[in-house]
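Undergrad: Each chain, written out:
Protein chains: 2
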Amino acid sequence: MPSDQSTYCRCLYYSANALARQLSKLAEEEFAPTGLAPSYGFLLMNVNAHPGIQPTEVAHHMMLAASTVTRLVEKLEEEVYLTREREGKAIHIYPTAKSKRLDPKIKECWRALYARYAELLGKEESHKLTQDVFAAALKLEP
Amino acid sequence: MPSDQSTYCRCLYYSANALARQLSKLAEEEFAPTGLAPSYGFLLMNVNAHPGIQPTEVAHHMMLAASTVTRLVEKLEEEVYLTREREGKAIHIYPTAKSKRLDPKIKECWRALYARYAELLGKEESHKLTQDVFAAALKLEP
DNA sequence: TTTGAATACTTGTATATACAAGTGTTTGTG
DNA sequence: CACAAACACTTGTATATACAAGTATTCAAA
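Residue numbers (the numbering used here), protein chains in the order written: chain F, -8 to 133; chain C, -8 to 133.
Derived DEER-like restraints, expressed as beta-carbon distance ranges: (1) Ala81/C x Glu19/F: 29 to 37 Å; (2) Glu115/F x Arg102/C: 32 to 40 Å; (3) Val71/C x Lys130/F: 38 to 46 Å; (4) Ala81/C x Arg75/F: 49 to 57 Å; (5) Glu110/F x Ala56/C: 18 to 26 Å; (6) Glu110/F x Lys114/C: 31 to 39 Å; (7) Gln122/F x Glu68/C: 40 to 48 Å; (8) Glu68/F x Ala88/C: 47 to 55 Å; (9) Val71/C x Arg92/F: 53 to 61 Å; (10) Lys98/F x Ala23/C: 35 to 43 Å; (11) Ala56/C x Arg92/F: 33 to 41 Å; (12) Arg102/C x Arg92/F: 48 to 56 Å.
What the hints contain is simulated information worked out from the structure, not anything from laboratory work. Beta carbons are placed, not taken as given, at the ideal position from N, Cα and C, and that holds for glycine.
Let the hints inform the model, and build the full structure from the sequences given.
TA: What follows is the structure in structure tokens.
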């Protein structure tokens, strides 16, 4: 219940973080059936769709730092959702059977998440907002 | 350099988080002259503007969990930017001279941050985006 | 008036994320 | 060829944030 007349509402840094936090909460709830936090789910989808993908590519796709991807992949490897294979200086990431088996459920959760915020924000509005927000994120990239 | 054709760009959870991360990076840079991370700066502005404010109110204003506010205030008290006074079950937060002295600089940094993303996103666009993003964050609040 | 519920905050613990520095590999240039 | 620069990843460390459970205070109802 933040005050609408708050000065914060005029700051994109603040607003974007607030929105991200709210959505993260929703996403965590919706991804609960997978037993994974949303970022892990997204990463698995990525690897399932592109077996052999490299951490750097994943980092670019997800707009995360390379070190963050290392950490995520590490955990998912521990839990046998994927494997890493070194090839020279490069690493290739492959999904395991466990990961492939989970893929439909992840996608289901993803759709449920979409349905959830589309319901709260309006279908058209949420679609437009997603585009605008994504475009802005791209423009701010270093 | 995320692929524009990425599936991610259609997910608001993902896009909002990406935007928030980029803006946090900008904000950290712009707030560097204050010696504070952006959240601390915003909190101080809040307390400077509302001496005696309670943590709960701050949490509402900033859309943060109460425990997060406790943590932020704790640090700022250690560094003598503010003081806490208990009154029954309530706590009141007051700025110190140090905090009041810093206030203009914080506001300057805030303006610089605004100028920075307005330049990158376009003035009108960033203004509109801020409104839309804030409105969405409000709608998603529990 | 006692007691149970609500309120306001704190504490323990966990997570996602990043930066900077480190390691190992490849590539290009003198 | 040798060696420096560039690349791809990992590791150490730090931060913001949250949830759940805990403490202390106030309020309401029997």
